[in-house]
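Working from the sequences, and respecting the hints, build out all of it.
Quick mapping for you: the protein sequence lines, in order, are chains A and B.
Start counting the first sequence at 1; every next residue gets the next number (the working numbering).
Start counting the second sequence at 1001; every next residue gets the next number (the working numbering).
In short, the hints are calculated from the structure, not lab data.
Worth double-checking, as some hints may not be accurate.
A few chain A residues that face chain B, going by a derived Cβ cut-off under 10 Å, partial list only [to be verified]:
{"id": "1", "residue": "Leu167"}
{"id": "2", "residue": "Gly168"}
{"id": "3", "residue": "Gln170"}
{"id": "4", "residue": "Asn171"}
{"id": "5", "residue": "Arg172"}
{"id": "6", "residue": "Val177"}
{"id": "7", "residue": "Asn181"}
{"id": "8", "residue": "Glu185"}
{"id": "9", "residue": "Leu186"}
{"id": "10", "residue": "Leu191"}
{"id": "11", "residue": "Tyr218"}
Straight-line alpha carbon distances no greater than 27 Å define the calculated DSSO-like cross-link-like pairs of lysine-lysine that follow [to be verified]:
{"id": "12", "chain 1": "B", "residue 1": "Lys1113", "chain 2": "A", "residue 2": "Lys428"}
{"id": "13", "chain 1": "A", "residue 1": "Lys655", "chain 2": "A", "residue 2": "Lys314"}
{"id": "14", "chain 1": "A", "residue 1": "Lys416", "chain 2": "B", "residue 2": "Lys1113"}
{"id": "15", "chain 1": "A", "residue 1": "Lys11", "chain 2": "A", "residue 2": "Lys26"}
{"id": "16", "chain 1": "B", "residue 1": "Lys1027", "chain 2": "A", "residue 2": "Lys434"}
{"id": "17", "chain 1": "A", "residue 1": "Lys418", "chain 2": "B", "residue 2": "Lys1027"}
{"id": "18", "chain 1": "A", "residue 1": "Lys428", "chain 2": "B", "residue 2": "Lys1055"}
{"id": "19", "chain 1": "A", "residue 1": "Lys655", "chain 2": "A", "residue 2": "Lys289"}
{"id": "20", "chain 1": "A", "residue 1": "Lys434", "chain 2": "B", "residue 2": "Lys1055"}
{"id": "21", "chain 1": "B", "residue 1": "Lys1113", "chain 2": "A", "residue 2": "Lys129"}
{"id": "22", "chain 1": "A", "residue 1": "Lys300", "chain 2": "A", "residue 2": "Lys314"}
On a predicted model such as this, the values are computed, not experimentally measured, just so you know.
All C-beta atoms, glycine included, are put in the ideal place defined by N, C-alpha and C.
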Amino acid sequence: MPDVSFTVDGKKLTAPAGTLLIDACKSAGIEIPAFCYYPGLSLQAACRMCVVRIEKMPKLQTACTTPVAEGMVVVSESPEIAQARKSTLQLLLGNHPLDCPVCDAGGQCELQDMTFKYGAADSFYAEPKNHREEQQWSPVVFFDRPRCILCYRCVRMCGEGMDVFALGIQNRGSSSVIAPNVPAELSPEHLPHVDCEQCGMCIDVCPVGALTSGTYRYKTRPWEMNHVSTICTHCGDGCKTTLGVRSTSEGSEIMRGDNRDKSGMNGDFLCNKGRYAFDFANQPERLTKPLVRQPDGKLKPVSWEEALTFAGNKLRELRDTRGAASIGVIGSNRTTNEENYLLQKFARTVLGTNNIDHHRTADYVTLAVALQGSANRLASQRDVLTAQNILLIGGDPTNQAPLTAWNLRTNVRLNKAKLFIANTDEIKLRRQAKAFIQVAPFAYNSFVDYLAGDDASANSASVSAQADQLSDFRAAVVEAESLLVLVGNELRDGELTRLINTLPNAKFACIADYANSRGASDMGLLPDMLPGYQPLSGSALAEEFHTPAQPGLDMLAMFDAANSGALSALYVVGSNPVAHYSVDPSALQNTFLIVQDMFLTETAALADVVLPAANLYEKSGSVTNSYGDLQLVSKAADKPGTRSDFELIVRLADKMGHPVKSLVPFGKGLRADMGQSRGAQSGEADRHAVWLTANNLEPKVSPFDSFAILDEIQRVVPGYDKLRRLQLLSGNDQHIAPASSGLVQIENRKNLVLPSSDTLFTSGSLTKYSPMLLDIQKHQQREVADHFAEAD
Amino acid sequence: MAAVENTLFSPQTAARFDKLVTLYPIKRSALVPMLLYAQDEVGYVSDEVVAEIAKRLDLLELDVRNVLSYYSMLRTKPAGKYNVQVCTNISCMLRGGYELLDHCKSTLGIGHKGVTADGMFSLEEVECIGACCWAPAVQVNYDFHDDLTPAKLDAVLETYREGRGTDVH
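Right, dumping it as structure tokens:
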């Protein structure tokens, strides 16, 4: 659009034609207050706060609905405007309770700020206030009706943003009220509530304290918390969540999560889990003391020294007596890249085995191999918000990757992107789709064949779709000038490769299930590949590690080996394979099992040594989301009695008698030569130290500083070599494309992808330790049961 | 074929609704007339009516409730057999609308939006009903009675009580 020039408060401004005056002013640093206006949502012009004087227009105009025009002359602040805004505030305050000292929004309330600015302390409205009791709409949504200023942000956010439409407006005029979709008369206890995705976006956008969150309300004040931006530990979307953290007598505790600063790729979006499901961190069942199994068969709390010495000695003994190949290592989807890299380095160099695996939730190996050597074929999460044509094949982002779903909806709504969906189920996102094909059960294979041009597979690909629907769909997808393909974890191996080959110009992303599923894969928690999907032999890294050229045991093979007595020891970091893979507990009875976890999970309960670990909110490092966007994880909370997985791996190596410096190159001193004199390998930690010094940051000299290994990751993992440290440390995301060339297609490889099928209200093994998630599940079940009762 | 199976409404009304949906470029435009006709037939807008109308118009029940609650002439509870609507807007007010309202309250023994124990009458204070020239005016169900005094109103109520009034039910 061509630019137009206009004047605001005597300042000459230009903005593209069609820009709203309020946005144009904001870009120029001129603040125009508004309650009802919200970027990205439809216009409401309900609050009358954004009124400005525009020359040649008879009355004050709302800046939120006025597009800029050539030659427009605007006054944004004058006594007349201040008076108009003050009157609006007086009206709003007419029935607004002045309970700011106890209100959750106190201190971060837009109404409070505006009253402070325009001084509407005196009021003409002397009528008694109309009080209503607050209502609990769900375990996480509370509504305090008199505080509501009827800006309708929540209604629009729920409908347009979330495509849920759980909130409406009822009655008229001054008795208007925000109403949830289950009215009192239809609920069993005669109280209104919401049947929705429980994302809390309505609470997030509420400019006042009318909607408050069940987990945060009346707990603390905003100014009593520190706010730490970090990455959500739940799904693989990589949302940034700003955690409000408060000191407690023994550490620090997370009080709430939101992203009001819109700092991450998710803008202000967070789903239920990102916003509320941090409560597992303070569960009473949380392990805070190392446990060692005693001769009587019971786990007993012991000191760290005792537990680590016992585990280290035993592990060394088993390695030396029964061989490295008899030891297995299982990594996590929720630990940082640094920890994952360190764990595989531990397995390959300290133990000397390739027996390492993790719970794989998407086929990144195939993705990397199929796309190797091609540039610009791996999509970032940011592409989902801007791509013009998108094919979603498999997966259900609404439930499994809520930010992806949010971005898809936003892109369709605001940018008119074309979304094509092929799925075996009628997923909710089909409401945004230009075309939807219901694929026959287990027939993604045939569908990919059909896309590739095999007309004969049309019948097996879809039962319900007509022939012309299918051919239109294929034509639109194949002929699209630019295409983004999002692949659910139903598609793997050959199907995925064929899909990638069928659409040679498209960008691809595989949707995985956890915060660092992609990172676990990239960092080489795989028995047959080194970090960056490099082959076990022939690469420089393989030589450096001196790893066996033979692939190690995968997850299932490890348990088979345990069953047959061939697995002498198993080291499990932040994973619960016994539950995920339904392993018979007796399989592990002759295996020395070390488990690092937060809780006594099904796996930890079988262990000989249990080491209490910190979670992702209690450590620093980096994670890579499903799309390959690398982001910084910052330490927010602190739980005494736990240690980071990084520290535990290093300590275990130390107790095994391994020189720690060869595992984690840390420290400065004599090695501070920036790698110039003795080759690139020698200066690693120092490069980091030099960089830190240059940026006025304290150089870390501890072997437990996870950044000490980041240099090595940058050096040896293709794709990660391009990461920019300043970007990472400033909390920005950067897209990593690990597909280097020279990757080898392994024949007859078992991909072993096991989708965890999490929903909006489950998060793997963490689910049962989050009271909030359990509450919500109960709430949702009751809603579903009610609907069934109605249908009868 | 009928748009909705096992409809709540009479065959005539159901057929009327089937047609109503086709009359507008957007289906939901039929919402307000549909609510009014449904209320005339059922007597009030019940939860079942809300559910069926939502189904007919592809709306959420919440959407129907949003609109339903906006209009004061749509009710969600049964009214009396004869719904007495007394206008108290300016012309009627000047010519004794409030006297009529007070008179109704005392003779029927009910207040605004009340229903008599026998279910015969209900009372409502309403905004302008468009009979300003013959103020004060009262509307009973769909019938107008104008240029009233308390005595004349007694006679009007009496005709209904004796069953000689028009009955839309």
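Here's how the hints hold up against the structure:
Interface restraint check: Leu167/A against chain B, minimum CB-CB distance 8 Å, threshold 10 Å, status holds. Annotation: Gly168/A was flagged as interfacial toward chain B, and the flag holds, the nearest CB pair being 4 Å apart, inside 10 Å. Interface restraint check: Gln170/A against chain B, minimum CB-CB distance 4 Å, threshold 10 Å, status holds. For Asn171/A, the shortest C-beta to C-beta distance to chain B is roughly 5 Å, which falls under 10 Å, so the interface hint holds.
Taken as an interface hint, Arg172/A checks out: its beta carbon lies about 5 Å from the nearest beta carbon of chain B, inside 10 Å. Checking Val177/A against chain B by beta carbon gives a least distance of about 9 Å; that is within 10 Å, so the hint holds. A least Cβ separation of about 4 Å between Asn181/A and chain B falls short of the 10 Å threshold, and the interface hint therefore holds. Below 10 Å, beta-carbon pairs count as interface contacts, and Glu185/A has one with chain B at about 7 Å; its hint therefore holds.
Given hint, Leu186/A at the interface with chain B, holds; its Cβ is 6 Å from that chain's nearest Cβ, closer than 10 Å. For Leu191/A, the interface hint is violated, the least distance from its beta-carbon to any beta-carbon of chain B being 16 Å, above 10 Å. A distance limit of 10 Å between C-beta atoms decides the matter here; for Tyr218/A the minimum to chain B is near 29 Å, and the interface restraint is violated. The suggested pairing of Lys1113/B with Lys428/A is violated, with an alpha-carbon distance near 43 Å, which exceeds 27 Å.
Annotation: proposed proximity of Lys655/A to Lys314/A holds, straight-line Cα distance about 10 Å (limit 27 Å). Taking the CA atoms of Lys416/A and Lys1113/B, the gap is about 48 Å. The hint is violated against a cut of 27 Å. A threshold of 27 Å between alpha carbons decides the hint, and for Lys11/A with Lys26/A the separation of about 13 Å falls inside it, so the pair holds. A hinted pair counts as satisfied when its Cα atoms are at most 27 Å apart, and Lys1027/B with Lys434/A qualifies at roughly 21 Å.
In summary, the hint linking Lys418/A to Lys1027/B is supported, as the alpha carbons are separated by about 25 Å, within the 27 Å threshold. Annotation: proposed proximity of Lys428/A to Lys1055/B holds, straight-line Cα distance about 19 Å (limit 27 Å). The suggested pairing of Lys655/A with Lys289/A holds, with an alpha-carbon distance near 18 Å, which does not exceed 27 Å. Only pairs whose Cα atoms come within 27 Å are accepted, and Lys434/A paired with Lys1055/B is accepted, the gap being roughly 24 Å.
Taken as a hint, the Lys1113/B and Lys129/A pair is honoured in the structure, with Cα atoms around 24 Å apart against an allowance of 27 Å. Annotation: proposed proximity of Lys300/A to Lys314/A holds, straight-line Cα distance about 17 Å (limit 27 Å).
Checked against the numbered hints listed earlier, the structure breaks hints 10, 11, 12 and 14; every other hint is satisfied.
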